[in-house]
Amino acid sequence: MHWRLKRLGYLWQRTRGSLALRGWRGTLARMRQEFQSRPELDEALALLPLDEPFVPFALPVSDQPQVSVVIPVHGELAHTLACLRSLARHGAQVPFEVIVVDDASPDASAATLAQVVGLRLQRNAANLGFIGSCNAGAGAARGEFLLFLNNDTQVTSGWLDALLRCFAERADCGIAGSRLVYPDGRLQEAGGLVFADGSCWTTGRFEPRDMPLFRCRREADYVSGASLLIRRDVFVRAGGFDARYAPAYYEDADLAFAVRRLGLRVYYEPASTVIHCEGISAGTDLSRGMKRHQRPNQAKFVDKWTAELAAQPPAGTPLECAIHWRRRGHVLVVDAMTPEPSRDSGSLRLCAILRLLDEQGWSTAFLPDDGRASPAEIDALGALGCEVLCKPWVADLPRWLREHGSELHAVILCRHTVAGQYAGLVRRYAPQAKLIFDTVDLHFLRERRAAELGGSAIMARQAEAARRSELALIEQADVSLVVSPHEQSLLARLLPQARVELLSNIHEVHGCRRPHAGRRDLVFIGGYGHPPNSDAIRWIAGEILPKLRETLPDIRVHVLGDMPDAARHELATPGLEFHARVAELAPWLDRCLATLAPLRFGAGVKGKINMSMSHGVPVIATPVAIEGMQLTDGLDVLVAENTDTFATAVARLQADKALWCALSVNGMDNVRQHFSTGTAAATLRRILC
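For the record, in the sequence shown the residue sitting at position 198 is 198 according to my numbering, with numbers rising by one throughout.
Cβ pair distances, simulated, as ranges:
id : residue 1 : residue 2 : range
1  : ARG261    : ALA168    : 17 to 25 Å
2  : ALA307    : PRO496    : 47 to 55 Å
3  : GLY455    : ASP370    : 28 to 36 Å
4  : ASP370    : LEU262    : 38 to 46 Å
Below, simulated SDA-like cross-link-like pairs (lysine to any residue); rule was C-alpha separation at most 20 Å, straight line:
id : residue 1 : residue 2
5  : LYS434    : ARG327
6  : LYS434    : GLU501
7  : LYS657    : ARG519
8  : LYS547    : THR648
9  : LYS391    : GLN421
10 : LYS657    : ARG514
11 : LYS434    : GLY361
12 : LYS434    : GLY420
13 : LYS547    : GLU570
14 : LYS657    : ASP521
15 : LYS434    : LEU502
16 : LYS547    : THR573
Simulated from the structure, these hints should not be mistaken for lab results. Backbone N, C-alpha and C fix where the C-beta goes; we use that ideal spot for every residue, glycine too.
Modelling step: build the complete structure from the supplied sequences, incorporating the hints.
Written out as structure tokens, the structure reads:
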């Protein structure tokens, strides 16, 4: 009876906490998740069996490990062996060592583990508990990084590489923790929250593990010690796991607070998935076994971190608010489709913007107007800290705005075809939010030029309709973004009262990796589906390349971008090679003589030119192609207006090494000066303040 009363009290505590954090609907949904019937194991996780007879096996070894994996064990040999087998199966791209600290196990763990080849086995003379064993393992480690891993876990492909990538991509990363899932496939933990009273909450418990919300890399208050990566020197500077919490509980939250005191951050890394059989070693009853230390250790934690806890969310803060507590506010971005940087320049720019928003402390969400996003696209934006609002999780933007519009600080609507649908809804459901219209490029300008080139009355009418739509949206928006000074000047004349800011393409300068000698052939970057590109490819096939081959019979032009089969066959000509979209441009840009940008109409800034120049590759382009890019013929670009001048420019570059080198250096300088991350970051800070 005593046990039942205590259990009822514990369940009431959980229910009351859930009501405060989730509300009635969220609590009922959570109860359905916990009690619904599910398969015991998720076959997609390929969990290793626990009843496999022991046969000696080998782990990866290294004399100079980058990572030391520290696994404390106290009995539960079957789980330890399964954990080690998963490490042997999945490995990592970097060298690592595995240290098992046997904490006076009551079974045959030590004798059996001594037969695992490559394992560094360390035995405690007496039981030290989780904290003592982890600190002992860290003391014996040789790696730059320490990875603390529970023995009741199994790792999955890429788990360790993803944690290291978080450190590589986030200079302020002090700790990175894995996405923990149950053997049945449900999410167990997506980072932890700490409230002002010292209570903790693991986010995402029992939710589907593939929900976009939990596929975003984000700052957390702490991550579980079940899979936690930290630099060894930072672990030492933070004081290791604090022995006051021995034998266990609150040591991971305490370490996170100590790391933040050093000026670093704690990140949840969803690309690292670890299966965790929670409760195997400690149980789940707070009044028995190891779990009995949880409540008294909370009091110790509060006593140690009183000042820091004052900045934490109050107990009972709704989960969605608590998750984003450290963020400056919520920014929603809407575009026609999910960006894919290898597809087009606009996608590359938008991903860079999302990355900058995250770096500046904003919580971001992206909604594709077509409702679609592939798992790879969701994960790619998740690595930028951005949640993807797509089907089946989000039905449409109007419904989402009705529920969440009041939470938004700003909404960025990209392209007039998207912004025209939703600007009014944003004003209605998020009146406090700053409405930002990102033109991407002025569509009416591009379409008007296409109409003039082709003499099309239909296209001219389309251009006029686009002009009215874009100008009306610019008047309605709080801020409008353009990508070129030319477009900014044009709008200053048309709408002098509107606030129009320049936020151009954003590129990193990769540098020139090969000299002029040995380079050959030409490259065109761009998909055929974009009308200016299809016109340019036709010009290359029909006139430019045949003219070039009159004097340079072996020269080839490589087209890198999506291309329909019908167009491939129609435009087939000697020396013209189609390679579809490529994952990496660098190998092509490292060996080509120059890139071509023979655009006869268009608008905005051309990413194909930025990308080429960022690799130190000279560009031969039309006047329309370089409009608004602050380029000068003969200094940082070669301008060609017709077939003959394209042929002349190619010949000059092939024969004149000094000219080639000057264009290479000056092109990179142009990218640094006008298309840098710093320039774009300053614009975003200005418009979102």
